[in-house]
Amino acid sequence: MPAVAISSLQALNLQDLDLPVVYTKQLRRADELTKAVVNSTYLGLDSAPMLDLVPEKIGLFLGTSFGPLETNFRFLDSLLDDGEGQASPTLFSHSVHNAAAGYLARLFSINGPAITISSYAWPFLAALEQASLMMCSGTINRAIVVSGEMYSPLLEHAGKKLKEADYKFCQTGAVTWILDRVNERKLGNNIIINKIEMSYKPCDVTTFLTRTGEEWFFDNESCKVTELLSYAFLLTRQIQKKLTGDKKGEFNWSIKAPFGQAGLFLSC
Amino acid sequence: MRPPLRHQVVITGTGCISAAGMNVREHHETIEQKKRNSQQVPKWLFDTQQKFPVFICPQQALTEIGHKFLLSCNTDIGKHSISRTVQLLISAVAEAIEMSGLSVSDLRKKRVGIAIGTTVGCAFNNEDYYKSFMQGLNPPLNPVIDYLNSNLAYWLQTIMGVDGPSLVVVNACASGTDAIGIAGSWLSSGLCDVAIAGGADELSRIAYNGFISLQLYDLSPCRPFDKSRNGLNLGEGAGIVLLEKEEEVTKQNRTIGWLLGYGTSSDAWHPTAPHPEGQGVVRAAKLAATEAGDINLKFDLINAHGTATRANDKAETNALAVILNAHRNHTPIISTKGITGHTLGAAGAIEAILTLYSLKQEIIGGTIGCHNIDPDLKVIPLSETEKVKLTGRIGLSQSLAFGGGNSALIVEAI
Chain A
4 MPAVAISSLQ ALNLQDLDLP VVYTKQLRRA DELTKAVVNS TYLGLDSAPM
54 LDLVPEKIGL FLGTSFGPLE TNFRFLDSLL DDGEGQASPT LFSHSVHNAA
104 AGYLARLFSI NGPAITISSY AWPFLAALEQ ASLMMCSGTI NRAIVVSGEM
154 YSPLLEHAGK KLKEADYKFC QTGAVTWILD RVNERKLGNN IIINKIEMSY
204 KPCDVTTFLT RTGEEWFFDN ESCKVTELLS YAFLLTRQIQ KKLTGDKKGE
254 FNWSIKAPFG QAGLFLSC
Chain B
16 MRPPLRHQVV ITGTGCISAA GMNVREHHET IEQKKRNSQQ VPKWLFDTQQ
66 KFPVFICPQQ ALTEIGHKFL LSCNTDIGKH SISRTVQLLI SAVAEAIEMS
116 GLSVSDLRKK RVGIAIGTTV GCAFNNEDYY KSFMQGLNPP LNPVIDYLNS
166 NLAYWLQTIM GVDGPSLVVV NACASGTDAI GIAGSWLSSG LCDVAIAGGA
216 DELSRIAYNG FISLQLYDLS PCRPFDKSRN GLNLGEGAGI VLLEKEEEVT
266 KQNRTIGWLL GYGTSSDAWH PTAPHPEGQG VVRAAKLAAT EAGDINLKFD
316 LINAHGTATR ANDKAETNAL AVILNAHRNH TPIISTKGIT GHTLGAAGAI
366 EAILTLYSLK QEIIGGTIGC HNIDPDLKVI PLSETEKVKL TGRIGLSQSL
416 AFGGGNSALI VEAI
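Line by line, the protein sequences are chains A and B.
Here the first sequence is numbered in our numbering, starting from 4 and rising by one per residue.
Here the second sequence is numbered in our numbering, starting from 16 and rising by one per residue.
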């Protein structure tokens, strides 16, 4: 079974967004979620090793909890305001969960699998697990693993009522990791993915939104998770530190929450 | 000589619900009788002034067998209302599990993977809550909590009390096909012992008006591959397969078929239209055939996506001309959307099941709604009046999706 390595990692919030000029035209109708995932993927690919890969051997795996929820509401606005028969076709086509993956495939010429996964627990890890499986099976040689969420006033309002008045729903943002097979890599350090584990248990489903009781552990550090995407951001930053450091060996990251637990087992 | 095929993933149960029937048997009776249960949107589903036909299930979408299944799970589910998509899902899951000869308590002793495809089932479509929120009325949170409680895979895993990988695939119209393919890969890689996979989707006012806004919707019952076709009709339903490993099943004689291969490929072409030559469909079918063990695999039946939009049917048949190559004039090609409508995230799963059972019954009727085959198509699908005896056991079921996704499953009937 070929080892799978993380070649490049990016995490960004919409406020840090500096959309590549080359994509301005193609993204003129895109929603903020799509803009965020395109930008993080552009930066992720830009810092990944240049490999001679055919588009059919590149796969895309996008994990999201709520997807383009607000775009769905904008379509609903057009239906409610303008009436049946006048609703916006553009908004409808962008309200589909895999609309962002469609943009990524078109803009980055990906002809391999393009799978969008919805999970309220850890969609980024679910996408990472599926990407690793397809890498190991030999279906693809590179995986672009993305997670993105879109700021939602409606869910923030619900979170405030469920948790506390200063509850914040995550800002629109995205995380992208580029995975390559170890024998395909030519540059840089190797962070090898050895194992991904996830298990779920029954819970009060409001914790999917409030993230109450969720905590991650990395080496000897721990941190409470307060927002939907923050586990993926924190994990990305920790691994970026490892990539720039000179420490070798195995290191594990784990997360516990009322709805289950997960672990990512890596070596450098 | 044909290379040996990959018989690793066994299908031991199937469940199906749509406008064409409340179980798999009823679907075949509907095909046999060439019935079309399309209708105007009933008031109990949602209010609309639109007159475009739909293919819907009865108001009570939870079947008797579904009720029994919920009781056998012995789980407190009374706290939250069950969405229509979940009711459809449970009805199909219950039928598949019963057919497999397993019980919920049997499954609790195994690692059970759950992969479910959907589109509407993952969206927050409660218009009353949304309107109240936008008016600053601070509505009660129940609809939001129900939404958080309706992730199909998590919900099923929770009520069944089983452990294993689980996810919801949201790849638009290919979601059900992809969910089955992903579940097959879990079994092959040892992540689980059994997998429950497929798709479920209810009809919503938002999706209904969305497809109408895209001008992809026919005011008449849909006519896949017909010269006069003018768009799709939406439907709703669920399709579920129970997958197990070969070694677990053979000695118990529970095999009803095999999932031989799965392939998926992105067009990278257009947000809503397929590549005109169906290049992604060709790649997906070739990948599935390669996984099955023979890239030149000959198919005995093709169940096409066949939505009846002008673009889909043209692109898909262009692709089939390449996939079938020399066999293009001898392979039966059909679409079952003339009896189910387009059930979105459930479509690929329902169609894979109907493919399997047509192969088992060794006979296939033509495409309901197709009377005058479009002469511009590069292959010739079966029209409504035709009926063909099937002599082989291997079928291809394929799905095309918004976003440029194309996915294919190859099944073999026992």
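Just so you know, these hints were derived from the structure itself, not from any lab.
Treat the hints with care, as some may be off.
To be verified - Okay, derived cross-link-like pairs now, DSS-like style, lysine-lysine, Cα gap no bigger than 30 Å in a straight line:
no. : chain 1 : residue 1 : chain 2 : residue 2
1   : A       : K60       : B       : K124
2   : B       : K83       : A       : K38
3   : A       : K163      : A       : K198
4   : B       : K393      : A       : K259
5   : B       : K393      : B       : K404
6   : B       : K124      : A       : K204
7   : B       : K146      : A       : K171
8   : B       : K329      : A       : K198
9   : B       : K83       : A       : K204
10  : A       : K38       : A       : K227
11  : B       : K83       : B       : K329
12  : A       : K245      : A       : K227
13  : B       : K124      : A       : K198
14  : A       : K166      : A       : K245
15  : B       : K260      : A       : K60
16  : A       : K60       : B       : K404
17  : B       : K313      : B       : K375
18  : B       : K260      : B       : K329
19  : A       : K60       : B       : K393
20  : A       : K204      : B       : K260
21  : B       : K50       : A       : K204
22  : A       : K204      : A       : K164
23  : A       : K163      : B       : K329
24  : B       : K266      : A       : K166
25  : B       : K329      : B       : K266
26  : B       : K125      : A       : K198
Because the structure is a prediction, the values reported are computed rather than measured.
To see whether the hints hold, each was checked on the structure:
1. A distance of roughly 37 Å separates the Cα atoms of A/K60 and B/K124; the hinted pair therefore is violated under the 30 Å criterion.
2. Restraint check for B/K83 and A/K38: not satisfied, since their Cα atoms lie roughly 46 Å apart, outside the 30 Å limit.
3. A distance of roughly 36 Å separates the Cα atoms of A/K163 and A/K198; the hinted pair therefore is violated under the 30 Å criterion.
4. Taken as a hint, the B/K393 and A/K259 pair is broken in the structure, with Cα atoms around 55 Å apart against an allowance of 30 Å.
5. The hinted pair formed by B/K393 and B/K404 meets the criterion: a straight-line CA distance of about 23 Å does not exceed 30 Å.
6. Between B/K124 and A/K204, the direct Cα distance comes to roughly 16 Å. Compliance with the 30 Å bound is thereby established for this hinted pair.
7. Simply put, B/K146 and A/K171 have alpha-carbon atoms about 22 Å apart, close enough for the 30 Å limit, and the pair holds.
8. For the proposed pair B/K329 and A/K198, the alpha carbon gap of about 44 Å is over 30 Å, so the pair is violated.
9. This hinted pair checks out: B/K83 and A/K204 have alpha carbons roughly 23 Å apart, not beyond 30 Å.
10. Note on A/K38 and A/K227: the hinted pairing holds, with a Cα-Cα distance of about 28 Å set against a maximum of 30 Å.
11. Proximity of B/K83 to B/K329 is assessed by CA-CA distance (about 44 Å); at most 30 Å being required, the pair is judged violated.
12. Straight-line distance between C-alpha atoms of A/K245 and A/K227 comes to about 21 Å, which keeps the hinted pair within the 30 Å bound.
13. Taking the CA atoms of B/K124 and A/K198, the gap is about 24 Å. The hint holds against a cut of 30 Å.
14. Restraint check for A/K166 and A/K245: not satisfied, since their Cα atoms lie roughly 35 Å apart, outside the 30 Å limit.
15. Between B/K260 and A/K60, the direct Cα distance comes to roughly 27 Å. Compliance with the 30 Å bound is thereby established for this hinted pair.
16. For the hint pairing A/K60 with B/K404, the CA-to-CA distance comes to about 39 Å; that exceeds 30 Å, so the pair is violated.
17. For a cut-off of 30 Å, the pair hint linking B/K313 to B/K375 stands: about 17 Å separates their Cα positions.
18. Restraint check for B/K260 and B/K329: the C-alpha separation of about 37 Å exceeds 30 Å, so the hint is violated.
19. As the CA atoms of A/K60 and B/K393 are separated by approximately 29 Å, the hinted pair is consistent with the 30 Å bound.
20. A distance of roughly 25 Å separates the Cα atoms of A/K204 and B/K260; the hinted pair therefore holds under the 30 Å criterion.
21. For the hint pairing B/K50 with A/K204, the CA-to-CA distance comes to about 44 Å; that exceeds 30 Å, so the pair is violated.
22. The hinted pair formed by A/K204 and A/K164 meets the criterion: a straight-line CA distance of about 24 Å does not exceed 30 Å.
23. Restraint check for A/K163 and B/K329: not satisfied, since their Cα atoms lie roughly 50 Å apart, outside the 30 Å limit.
24. In summary, the hint linking B/K266 to A/K166 is not supported, as the alpha carbons are separated by about 53 Å, beyond the 30 Å threshold.
25. Distance check on the hinted pair: B/K329 and B/K266 sit about 45 Å apart at the alpha-carbon level, beyond 30 Å; violated.
26. At most 30 Å may separate the alpha-carbon atoms for a hinted pair to count; B/K125 and A/K198 meet this at roughly 21 Å.
Checked against the numbered hints above, the structure breaks hints 1, 2, 3, 4, 8, 11, 14, 16, 18, 21, 23, 24 and 25 and satisfies the rest.
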